[in-house]
Structures are given as structure tokens and as C-alpha cells.
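Chains A and B supply the protein sequences, listed in that same order.
Heads up: the first sequence is residues 1 to 110, going by the numbering used here.
Heads up: the second sequence is residues 1 to 115, going by the numbering used here.
Note that these hints are calculated values from the structure, not bench results.
No residue lacks a Cβ here, since even glycine has one placed at the ideal position from N, Cα and C.
Any given hint could turn out to be false.
[Claimed, not checked] Residues of chain B clear of chain A, computed beta-carbon distances all greater than 10 angstroms:
hint : residue
1    : 22
2    : 26
3    : 44
4    : 68
5    : 77
6    : 90
7    : 95
8    : 101
9    : 104
10   : 105
[Said to hold, decoys possible] From the derived model, a few chain B residues whose C-beta atoms are all more than 12 angstroms from chain A:
hint : residue
11   : 4
12   : 11
13   : 63
14   : 67
15   : 69
16   : 70
17   : 71
18   : 115
[Stated by the list, open to error] In silico EDC-like links for lysine to aspartate or glutamate, alpha-carbon gap of 20 angstroms or less:
hint : chain 1 : residue 1 : chain 2 : residue 2
19   : A       : 93        : B       : 22
20   : A       : 56        : A       : 83
21   : A       : 42        : A       : 83
22   : A       : 42        : B       : 59
23   : A       : 56        : A       : 78
24   : A       : 93        : B       : 108
25   : A       : 67        : A       : 57
26   : B       : 80        : B       : 22
27   : B       : 79        : B       : 26
28   : A       : 93        : A       : 27
29   : A       : 42        : B       : 71
30   : A       : 56        : A       : 45
Residues per chain, in single letters:
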Amino acid sequence: QKEVEQNSGPLSVPEGAIASLNCTYSDRVSQSFFWYRQYSGKSPELIMSIYSNGDKEDGRFTAQLNKASQYVSLLIRDSQPSDSATYLCAAAKSGQNFVFGPGTRLSVLP
Amino acid sequence: SQTIHQWPATLVQPVGSPLSLECTVEGTSNPNLYWYRQAAGRGLQLLFYSVGIGQISSEVPQNLSASRPQDRQFILSSKKLLLSDSGFYLCAWSPKIGTFNQPQHFGDGTRLSIL
């Protein structure tokens, strides 16, 4: 069974700090990677997609992909209490369905 | 812009009763459609996906079924609910663009409680 793994947390960071969320995947041929944010009781919402090695930045969010190490991360700069949520990582091979990780719960402390 | 609608938002059903959850997508055509279930405190479990009208693939054998009677309509059904069917049911869609997987976009979900 191909898997996506994440530390379940909770990861606690103070307001204004950088939150670093990590994800590893086992299927070496995965090509597409996604980060979702899910507030308690709500549905997941897409934060970022990344397809190539390196960094991709969008506002306070930076996704990092290292295919050689099979590792994807999400950095949240200037963390806010409103960033407190569960963050889901997903990986997919071309034409195949997503494999979601179990999620990491982030708590940003005021 | 594209939107996805799911209803009802919450549902309480007795064991053994039937189920019908509906999902519709607006603003796009020929989308890929998905049904997921999320048990409390757990990850997303893919139940069914569809690449076109009448085309349904099942990921997990169970007492649930899915249908796609129209291009942008996806229905999740059961003839007899089990206690283990409780959970948060999410419908999602993605466009068919290019060779890389496109992001999936989720509806607001249906919280199903079986008594």
C-alpha cells in the first residue's frame, strides 16, 4: 500500500513564527503534490499545488518538494491564530487518484 | 467560476435505513467526481470516483454505491445503513486538464450520524 505520512501533531507555534509542516510519500513515481487546510468541522480547502522540485511561494505559504528524498513540506510564515487547523498532504501519480496523509494539526498560540 | 454543492449538511439516520446524498458541480463540464468519507479524527478515505456519466469506480467494497446520472451530478446511496457508515462525507471535483493531476475541490460535506 502506497502511503503518505505526516506527523499527527499537534504542532504548536507562537503567533508570528514560522510553522513547518512535513510530509513523506512512499511511491517514488508520484508527480503531483497538494496541501489542503481543514478547519475543525469543515471541508478541506486547497492551499497549494506543487509539481516540480524546489520551492513554490504564495503569500505567506511556501511549498517545498524534494523528489529524491520523497519529501514535501509547507512553511507558513508569520503564523496567525487563524492558521490553526489540520493540514493535509496529498500525492498522486499521473492519472491516478490522490493519496492523502492523515494530516497534521497546527495550533498557533496568541 | 466553479462551485460544488452538497446536501444535506447534516443527517441523522437509524440503522438499516436507506441513504441518498447528492452533489452537483456548476461552472464546468466533464469533471472528475469523487466521494470521500472521513471518520472522526481520521484521514480521507476515497469511496468512489467517476470520470464520466455512468462510469463509477469503487475503491472500497462496502454497502454503499454511487451513480452519475448527469455530467455534473454525483449521488451516493445505500440501501441499508450500518453503524460504521457514520462519518463526514465529502464530494469533490477536479478538471480534466493536461497530464498532471489537477487539484480536487471539495464541497461543504455531509455529516452523517447513524443511530
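Do the hints match the structure? See the list:
Distance to chain A confirms residue 22(B) as a non-interface residue, since its nearest Cβ pair spans about 16 angstroms, more than 10 angstroms. Taking the minimum C-beta to C-beta distance to chain A, about 17 angstroms, the non-interface status of residue 26(B) holds against the 10 angstroms cut. Chain A draws residue 44(B) into its interface by the beta-carbon criterion, the shortest separation being 4 angstroms against a cut-off of 10 angstroms. The claim that residue 68(B) lies off the interface holds: its Cβ sits roughly 16 angstroms from the closest Cβ of chain A, which is beyond the 10 angstroms cut-off.
Remark: the non-interface label on residue 77(B) is consistent with the geometry, its nearest Cβ contact in chain A lying 20 angstroms away (cut-off 10 angstroms). The claim that residue 90(B) is not at the interface with chain A is violated, since a C-beta of that chain comes within 10 angstroms of its own (minimum 6 angstroms). The beta carbon of residue 95(B) is kept farther than 10 angstroms from every beta carbon of chain A, the shortest such distance being approximately 12 angstroms. Residue placement check: residue 101(B) does not keep its beta carbon more than 10 angstroms from all beta carbons of chain A (closest about 4 angstroms).
Residue placement check: residue 104(B) does not keep its beta carbon more than 10 angstroms from all beta carbons of chain A (closest about 6 angstroms). Residue 105(B), annotated as away from the interface, has a beta carbon of chain A within 10 angstroms; the closest lies near 7 angstroms. Consistency note on residue 4(B): stated as away from chain A, yet its beta-carbon is not over 12 angstroms from all of that chain's, at 9 angstroms minimum. Distance to chain A confirms residue 11(B) as a non-interface residue, since its nearest Cβ pair spans about 15 angstroms, more than 12 angstroms.
The beta carbon of residue 63(B) is kept farther than 12 angstroms from every beta carbon of chain A, the shortest such distance being approximately 21 angstroms. Residue placement check: residue 67(B) keeps its beta carbon more than 12 angstroms from all beta carbons of chain A (closest about 19 angstroms). With a least beta-carbon separation of about 22 angstroms from chain A, residue 69(B) lies farther than 12 angstroms from that chain, consistent with its non-interface assignment. Separation of residue 70(B) from chain A is adequate, the least Cβ-Cβ distance of about 22 angstroms exceeding the 12 angstroms criterion.
Even its closest Cβ contact with chain A, about 20 angstroms, leaves residue 71(B) beyond 12 angstroms, as expected for a residue assigned away from the interface. For residue 115(B), the shortest C-beta to C-beta distance to chain A comes to about 20 angstroms, beyond the 12 angstroms cut-off, and the non-interface label holds. A distance of roughly 28 angstroms separates the Cα atoms of residue 93(A) and residue 22(B); the hinted pair therefore is violated under the 20 angstroms criterion. Restraint check for residue 56(A) and residue 83(A): the C-alpha separation of about 19 angstroms stays at or below 20 angstroms, so the hint holds.
Only pairs whose Cα atoms come within 20 angstroms are accepted, and residue 42(A) paired with residue 83(A) is accepted, the gap being roughly 14 angstroms. Straight-line distance between C-alpha atoms of residue 42(A) and residue 59(B) comes to about 23 angstroms, which puts the hinted pair past the 20 angstroms bound. Proposed proximity of residue 56(A) and residue 78(A) is supported: the alpha carbons are some 17 angstroms apart, at most 20 angstroms. For the hint pairing residue 93(A) with residue 108(B), the CA-to-CA distance comes to about 26 angstroms; that exceeds 20 angstroms, so the pair is violated.
With a CA separation close to 18 angstroms, the supplied pair residue 67(A) and residue 57(A) stays within the 20 angstroms bound. Between the alpha carbons of residue 80(B) and residue 22(B) the distance comes to roughly 17 angstroms, so the proposed pair stays at or under 20 angstroms and holds. Restraint check: the Cα-Cα separation between residue 79(B) and residue 26(B) comes to about 28 angstroms, which exceeds 20 angstroms; the hinted pair is violated. With a C-alpha separation of about 8 angstroms, the suggested pair residue 93(A) and residue 27(A) falls inside the 20 angstroms cut-off, and the hint holds.
This hinted pair does not check out: residue 42(A) and residue 71(B) have alpha carbons roughly 26 angstroms apart, beyond 20 angstroms. Straight-line distance between C-alpha atoms of residue 56(A) and residue 45(A) comes to about 18 angstroms, which keeps the hinted pair within the 20 angstroms bound.
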